Amino acid sequence: MKQFFTRKAVLFFCLLMPITYVISPSSALALTVNEVAKDLACPCECPLILEDCNMTCGLEWKNEIGELINKGMSKQQIEDYFIGKYGDDARITSLQKIQGKIYQYTRSFDKADWVLLWAGLLVWVFLMFFGLYLGIKKLFFIKSQDA
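Residue numbers (the working numbering): 22 to 168.
Hints listed in this document are in silico derivations from the structure and should not be mistaken for laboratory results.
Computed from a predicted model, the values in this text were never measured in an experiment.
Honestly, I wouldn't trust all of these hints.
[Stated by the list, open to error] Listed below are the simulated DSS-like cross-link pairs for lysine-lysine, each with C-alpha atoms no more than 27 angstroms apart in a straight line: (1) K59 - K83; (2) K106 - K92; (3) K96 - K83; (4) K92 - K132; (5) K96 - K106; (6) K132 - K59; (7) K83 - K106.
Build out the structure end to end from the sequences listed, making use of the hints.
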């Protein structure tokens with residue numbers, strides 16, 4: 022029986038596939054509107070970042086971001102464009118977060134948040150019962166020594 026693939030052909034194929042996968046453009050690496058919008062503040066007075074804002078002003082900015090992405094601009098170029106056009110009000114900074122621009126304000130809990138919540142609650146309940154146990158044990162130990 023004649024061997025269909027030679028060792029060199031198999032080796033070449035095994036090396037070529039990962040290289041072509043890395044080099045080929047992927048739609049998973051494409052820039053999305055929300056990737057850019059999460060680092061910009063909403064232009065209105067609402068307490069949201071642009072990613073979470075669904076009011077007219079926020080939707081207009083998101084449409085503009087989509088147009089700039091379609092023109093081939095990078096995330097940094099788009100952020101620089103908005104900051105250049107609208108000033109520092111377009112930037113989400115720590116000071117703006119303190120003043121009311123809240124990151125991920127409208128998001129619900131994900132799995133990690135629920136796990137942390139219930140783990141914290143269980144630790145708190147354990148500490149409460151352990152504290153009560155020690156307090157009652159100490160109280161009865163002191164009373165038994167007095168007698």
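Structure-based check of all given hints:
{"no.": "1", "hint": "K59 - K83", "verdict": "holds (11 angstroms)"}
{"no.": "2", "hint": "K106 - K92", "verdict": "holds (17 angstroms)"}
{"no.": "3", "hint": "K96 - K83", "verdict": "holds (13 angstroms)"}
{"no.": "4", "hint": "K92 - K132", "verdict": "violated (37 angstroms)"}
{"no.": "5", "hint": "K96 - K106", "verdict": "holds (15 angstroms)"}
{"no.": "6", "hint": "K132 - K59", "verdict": "holds (21 angstroms)"}
{"no.": "7", "hint": "K83 - K106", "verdict": "holds (15 angstroms)"}
Of the hints listed earlier, the one the structure fails to meet is number 4.
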